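Peer 1: Each chain, letter by letter, is given below.
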Amino acid sequence: NAGVMQNPRHLVRRRGQEARLRCSPMKGHSHVYWYRQLPEEGLKFMVYLQKENIIDESGMPKERFSAEFPKEGPSILRIQQVVRGDSAAYFCASSGTTDNQPQHFGDGTRLSIL
Amino acid sequence: QKEVEQDPGPLSVPEGAIVSLNCTYSNSAFQYFMWYRQYSRKGPELLMYTYSSGNKEDGRFTAQVDKSSKYISLFIRDSQPSDSATYLCAIYGSNFGNEKLTFGTGTRLTIIP
Chain X
1 NAGVMQNPRH
11 LVRRRGQEAR
21 LRCSPMKGHS
31 HVYWYRQLPE
41 EGLKFMVYLQ
51 KENIIDESGM
61 PKERFSAEFP
71 KEGPSILRIQ
81 QVVRGDSAAY
91 FCASSGTTDN
101 QPQHFGDGTR
111 LSIL
Chain U
1 QKEVEQDPGP
11 LSVPEGAIVS
21 LNCTYSNSAF
31 QYFMWYRQYS
41 RKGPELLMYT
51 YSSGNKEDGR
61 FTAQVDKSSK
71 YISLFIRDSQ
81 PSDSATYLCA
91 IYGSNFGNEK
101 LTFGTGTRLT
111 IIP
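In the order they appear, the protein sequences are chains X and U. Letter 85 of the first sequence, counting from 1, is numbered 85 in the numbering used here, and no numbers are missing. Letter 49 of the second sequence, counting from 1, is numbered 49 in the numbering used here, and no numbers are missing.
Rather than coming from a laboratory, the hints here were simulated on the basis of the structure. Model, not experiment: these values are computed from the prediction. Heads up, some of the hints might be wrong.
[Said to hold, decoys possible] Example chain U residues on the side facing chain X (calculated, C-beta under 10 angstroms, incomplete):
#, residue
1, Tyr32
2, Arg41
3, Gly43
4, Leu101
We put the beta carbon where it would ideally sit given N, CA and C, even for glycine.
Isolated chain U (complex conformation):
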């Protein structure tokens, strides 16, 4: 079993729709959760960074963490064509400092005008 599972898509939705992206993880030691957006031929760009269970909102983006189910989500409201990219979830666990990120494989999202 992979440490982080993410549906690779591709996912296509019409402009203005709500997008839901999800990851599950297996190791309960993971405590820090991130979502990155990656455009073609570019590096991952940090979108959201959360620690605790619950929701965190930033503009059109909401990150949701459910540690009891080991399930994390990213919601995009009022989706725009510029949101078309690959979305990567990333997690790590330490209470003791910085360490490596474990990534999902990424979900390729296309917003159709």
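Chain X extracted, bound-state conformation:
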């Protein structure tokens, strides 16, 4: 399967714990985007990364949330000290290296906070 791979598919955390969501882009893609989908709402942009660089983090909450896309390995979205309001589906998308390529999505990680 050469698609965008996200894991875990489901993640349960207690309030105050840390959540780490992983995303491996499609083969040949070097642009990664994270989106959050709350119940009955559309997808909201969080952050756009290229290898070792954050390009646009205008949608990231100012506290507790961080993202990285290291030279080797998957992109990681990290949420520290989770709260109930962090419960959502988090989707990763990737696109190719040339300009204006469409984004292809993974099947998401569903985060539940107890």
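Position chain U relative to chain X; hints supplied.
Peer 2: Relative to the frame of chain X, chain U by itself:
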């Protein structure tokens, strides 16, 4: 005003009918328009990707863009039960590279056999 407005539905039509899904947007800088289909518990799947005003056809699907009215549509001909899903419009504007997508809230479509 939201940047992208989309009727959330739900929309139910009989099998074989023509379906029309629509979005409006407010920022004339947007230049790239996409339609995604999302099945329950799955990620969005790219259906159509257009740049210019006019129509683009792919099988039973036709995407239509009217930049003067800031209005985009997706038509589904000969609708099938397997078309039952949530349809999301997405747009972005840059001439300068890749950037974030702005999504509508999605329209939930059910095709009745």
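Peer 1: Now tell me, hint by hint, if it's right for this structure.
Peer 2: Cross-check of the supplied hints:
Satisfaction of the interface hint for U/Tyr32 is found here, the shortest Cβ-Cβ separation to chain X being roughly 6 angstroms, below the 10 angstroms cut-off. Contact between U/Arg41 and chain X, as hinted, is supported at the beta carbon level, the nearest pair being about 8 angstroms apart and thus within 10 angstroms. A distance limit of 10 angstroms between C-beta atoms decides the matter here; for U/Gly43 the minimum to chain X is near 4 angstroms, and the interface restraint holds. Interface hint status for U/Leu101: upheld, as the beta-carbon distance to the closest one in chain X is roughly 6 angstroms, under 10 angstroms.
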